[in-house]
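**Q** Listed in order, the protein sequences are those of chains X and P. Residue numbers 1 to 296, in my numbering, belong to the letters of the first sequence in order. Residue numbers 1 to 303, in my numbering, belong to the letters of the second sequence in order.
Bear in mind the hints are in silico, worked out from the structure with no lab data behind them. There's no promise every hint is true.
[What the hints assert, rightly or not] DSBU-like, lysine-lysine: derived pairs with alpha carbons at most 30 Å apart:
{"id": "1", "chain 1": "X", "residue 1": "168", "chain 2": "P", "residue 2": "4"}
{"id": "2", "chain 1": "X", "residue 1": "168", "chain 2": "X", "residue 2": "29"}
{"id": "3", "chain 1": "X", "residue 1": "46", "chain 2": "X", "residue 2": "33"}
{"id": "4", "chain 1": "X", "residue 1": "191", "chain 2": "X", "residue 2": "29"}
{"id": "5", "chain 1": "P", "residue 1": "151", "chain 2": "X", "residue 2": "175"}
{"id": "6", "chain 1": "P", "residue 1": "71", "chain 2": "P", "residue 2": "55"}
{"id": "7", "chain 1": "X", "residue 1": "168", "chain 2": "P", "residue 2": "8"}
{"id": "8", "chain 1": "X", "residue 1": "175", "chain 2": "X", "residue 2": "191"}
{"id": "9", "chain 1": "P", "residue 1": "297", "chain 2": "X", "residue 2": "290"}
{"id": "10", "chain 1": "P", "residue 1": "68", "chain 2": "X", "residue 2": "168"}
{"id": "11", "chain 1": "X", "residue 1": "168", "chain 2": "P", "residue 2": "298"}
{"id": "12", "chain 1": "P", "residue 1": "55", "chain 2": "P", "residue 2": "68"}
{"id": "13", "chain 1": "X", "residue 1": "292", "chain 2": "P", "residue 2": "3"}
{"id": "14", "chain 1": "X", "residue 1": "191", "chain 2": "P", "residue 2": "3"}
{"id": "15", "chain 1": "P", "residue 1": "110", "chain 2": "X", "residue 2": "292"}
{"id": "16", "chain 1": "X", "residue 1": "175", "chain 2": "P", "residue 2": "201"}
{"id": "17", "chain 1": "P", "residue 1": "68", "chain 2": "X", "residue 2": "175"}
{"id": "18", "chain 1": "P", "residue 1": "185", "chain 2": "X", "residue 2": "290"}
{"id": "19", "chain 1": "X", "residue 1": "46", "chain 2": "X", "residue 2": "29"}
{"id": "20", "chain 1": "P", "residue 1": "55", "chain 2": "X", "residue 2": "168"}
{"id": "21", "chain 1": "X", "residue 1": "191", "chain 2": "X", "residue 2": "287"}
{"id": "22", "chain 1": "X", "residue 1": "175", "chain 2": "X", "residue 2": "287"}
{"id": "23", "chain 1": "P", "residue 1": "110", "chain 2": "P", "residue 2": "185"}
{"id": "24", "chain 1": "X", "residue 1": "168", "chain 2": "X", "residue 2": "290"}
{"id": "25", "chain 1": "P", "residue 1": "182", "chain 2": "P", "residue 2": "298"}
{"id": "26", "chain 1": "P", "residue 1": "297", "chain 2": "P", "residue 2": "185"}
{"id": "27", "chain 1": "P", "residue 1": "71", "chain 2": "X", "residue 2": "292"}
{"id": "28", "chain 1": "P", "residue 1": "8", "chain 2": "X", "residue 2": "191"}
{"id": "29", "chain 1": "X", "residue 1": "287", "chain 2": "P", "residue 2": "3"}
{"id": "30", "chain 1": "X", "residue 1": "292", "chain 2": "P", "residue 2": "182"}
{"id": "31", "chain 1": "P", "residue 1": "151", "chain 2": "X", "residue 2": "29"}
{"id": "32", "chain 1": "X", "residue 1": "290", "chain 2": "P", "residue 2": "195"}
{"id": "33", "chain 1": "P", "residue 1": "195", "chain 2": "P", "residue 2": "298"}
{"id": "34", "chain 1": "P", "residue 1": "297", "chain 2": "P", "residue 2": "201"}
{"id": "35", "chain 1": "P", "residue 1": "110", "chain 2": "P", "residue 2": "201"}
All of these numbers come straight from a predicted model, not from anything done at the bench.
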Amino acid sequence: MKKHLDLLQLICVLVTLLVFLLEGFILYKLISKGFPHITYDFLFNKSVNSIEDGIYLHIVGNVFLVFIMILFVFPIGVGTGIYLQEYVNNSFIVSILRMSIYNLAGVPSIVYGLFGFVFFIQFIGKGIDLYFFGGNLVLGQPIIFWASLTLAFLTLPTVVVTTEEAIKSIPRDIKEASYALGASRFQTIRKIIIPNAFSQILTGIVLAIGRGAGEVAPILFTGVAYYTPGFSFNLNDQFMHLGYFIYNLFTQSINFDQIEGVIYASVLVFFTMIFILNIIVTYIRYKIIKRKINNG
Amino acid sequence: MIKKIFDKLFEYLLAFFSFITFLIMICIFVFLIREALIIFEYQTGITNIFYSWDKFGILSFEWNPASKTPKYSIIPLVVNSFKVAFIALAFSIPIAFFTSIYTSQYVSLKVRFWIKTVLEFISSIPSVVLAFFGFVIFSEILGYIFSFEFKLNGFIAGITLGFGIFPSVYTIYEDFLYSIPKDYKEASYALGANKIQTIIKVIIPFSLQGLLVAVLLGFNRAIGETMIVMMLGGNIPILSYNLFDPVLTLSGTISGEMGEVIFGDIHYSILFILGIILFFITFLFNMLTLILMRSIKKRYNFI
Chain X
1 MKKHLDLLQL
11 ICVLVTLLVF
21 LLEGFILYKL
31 ISKGFPHITY
41 DFLFNKSVNS
51 IEDGIYLHIV
61 GNVFLVFIMI
71 LFVFPIGVGT
81 GIYLQEYVNN
91 SFIVSILRMS
101 IYNLAGVPSI
111 VYGLFGFVFF
121 IQFIGKGIDL
131 YFFGGNLVLG
141 QPIIFWASLT
151 LAFLTLPTVV
161 VTTEEAIKSI
171 PRDIKEASYA
181 LGASRFQTIR
191 KIIIPNAFSQ
201 ILTGIVLAIG
211 RGAGEVAPIL
221 FTGVAYYTPG
231 FSFNLNDQFM
241 HLGYFIYNLF
251 TQSINFDQIE
261 GVIYASVLVF
271 FTMIFILNII
281 VTYIRYKIIK
291 RKINNG
Chain P
1 MIKKIFDKLF
11 EYLLAFFSFI
21 TFLIMICIFV
31 FLIREALIIF
41 EYQTGITNIF
51 YSWDKFGILS
61 FEWNPASKTP
71 KYSIIPLVVN
81 SFKVAFIALA
91 FSIPIAFFTS
101 IYTSQYVSLK
111 VRFWIKTVLE
121 FISSIPSVVL
131 AFFGFVIFSE
141 ILGYIFSFEF
151 KLNGFIAGIT
161 LGFGIFPSVY
171 TIYEDFLYSI
181 PKDYKEASYA
191 LGANKIQTII
201 KVIIPFSLQG
211 LLVAVLLGFN
221 RAIGETMIVM
231 MLGGNIPILS
241 YNLFDPVLTL
251 SGTISGEMGE
261 VIFGDIHYSI
271 LFILGIILFF
281 ITFLFNMLTL
291 ILMRSIKKRY
301 NFI
């Protein structure tokens, strides 16, 4: 068949190239302006007395926040996904659960922030303080624990949906073979479903981490602080966050040119953290799609 | 026996986790409403959140919580939110449309995977970072073309937001295009149509409802996005239909003013009303897309 010029194809290629170009420009600008400013001190200096000191505490706060988030989102998300796919036969319960997951995915992140403030801090935190700590302020204030929980529920739909997709893609025969051999449901899940669906479930978790690490809006009122003197692994402390730091640099600074190096370097580090997570996701997906192509 | 008990326990544990998911959904709804209802404890009345009369007796729509007699009209915030969201959609729909057609119709499976990965990579950029680049890149380029009166305005926020929501529109529409059954295409080829005729006359008309779903979800993302509009919008709550004026949106107001309100104050409860408005807009559009997708599924038996 002779190939001739197709106007539509031309437009499509041009538009795709335009997006590629924009992305490339962002990367170029980021690396060329941010990279020279990144030094050992900038990354690992624990003092935060001035903006130029470094972002070590911000990175640690960010990572710890996401770590606690995983502790919650992993069991709840994967558990819900398995439950929906393997256990419930009642279509009413399924449709209610599906609907709430679908809607949770659509709720804006700032609304999660409001919800986290009211539900976790004012309702649960203050409640626990009143009954267990005699009214002392322990949990009824913005702390890293509540921020993590808020993020956990923000990223929950991602994990549930990918877990469901992963389980759906397992051939029925394998499961039925397992049941035919007399395995219980739990055994089938542990020995057949989880190992087979593992790589796809992992993509969901990594995607959730990427989303959780990058969101700033939901943690604004639930625990982030512009300045804390150090970092502790206490769950009832405020924390510093790289994204919030960038936001503050951007909005609060009087002289943009003066802090340009710091802001580009912080953005580069923040971006790289999430970029690495994305590479992991892409790698797993590439392996899955390669298997699909090879199998025809 | 122990095996059976263990099995049952595991099931209950999973059921409990699922119940938490459901519970959170309900709690978001209940607790937002609970805080918003505080407004009725004040004498000023509910109409205040829509309009007020200024000292000359003229109807005014003004958001100004810091003035001597605080004014809480939500109208400018809602208008600004929609304004920015529409700019974002106007920017992202055409791009998503052409890129989707390209990757779903013109390239091989492997190339499709790579192009898709690169395009969807935008969705993983945190909105703070996107806002920063919106400022660095778009305000420079667009500033040349339009010569803005304000450096931070709704137009820049909208375009950057459009760049940010582009991948979510693209992914949904592209998947839809890709999953259109081969029969349609082959029937068209069999009638003697060439590729471009097939795409324009068969594939695109068929895919319009998929585009609608994608656009609705993109709108949902756009209306709730906070950091981009807050950093680039200029944060002035004026009621204007000029695209190049500074904007303060619903989400921007919540994030900007929540830290400064007194707990239990009227201003506090109005911020929750804003949250409820956002919640309901997204809820409504979500339900709409759900119904749409279900009807498509039923009619054509795919996706």
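**Q** Hint check: residue 71(P) vs residue 55(P), CA-CA at most 30 Å. Holds or violated?
**A** 12 Å, holds
**Q** Quickly compare the C-alpha distance for residue 168(X) and residue 29(X) to 30 Å and report which way the hint goes.
**A** Violated: residue 168(X) and residue 29(X) sit about 42 Å apart, past 30 Å.
**Q** Has the given pair, residue 168(X) with residue 4(P), been kept, meaning a C-alpha gap of at most 30 Å?
**A** Cα-Cα ~25 Å, so holds.
**Q** Does residue 168(X) lie within 30 Å of residue 68(P) when you go C-alpha to C-alpha?
**A** 60 Å, violated
**Q** Keeping to a limit of 30 Å between CA atoms, is the pair of residue 151(P) and residue 175(X) held or broken?
**A** Status violated; Cα separation ~60 Å.
**Q** Is the Cα-Cα distance between residue 191(X) and residue 287(X) 30 Å or less?
**A** 22 Å, holds
**Q** Given the hint that residue 292(X) pairs with residue 3(P), does the C-alpha gap stay at or below 30 Å?
**A** Since the Cα atoms of residue 292(X) and residue 3(P) sit roughly 37 Å apart, the hinted pair is violated (cutoff 30 Å).
**Q** Hint check: residue 175(X) vs residue 287(X), CA-CA at most 30 Å. Holds or violated?
**A** 23 Å, holds
**Q** Please work out if residue 168(X) and residue 8(P) have their alpha carbons no farther apart than 30 Å.
**A** Distance of about 23 Å is within 30 Å: holds.
**Q** Holds or violated: residue 297(P) with residue 201(P), Cα cutoff 30 Å?
**A** OK: residue 297(P) and residue 201(P) at ~22 Å, within 30 Å.
**Q** Has the given pair, residue 287(X) with residue 3(P), been kept, meaning a C-alpha gap of at most 30 Å?
**A** Not OK: residue 287(X) and residue 3(P) at ~36 Å, beyond 30 Å, violated.
**Q** Do the alpha carbons of residue 8(P) and residue 191(X) lie within 30 Å of each other, as the hint requires?
**A** 17 Å, holds
The earlier numbered hints that this structure contradicts are 2, 4, 5, 10, 13, 16, 17, 20, 27, 29.
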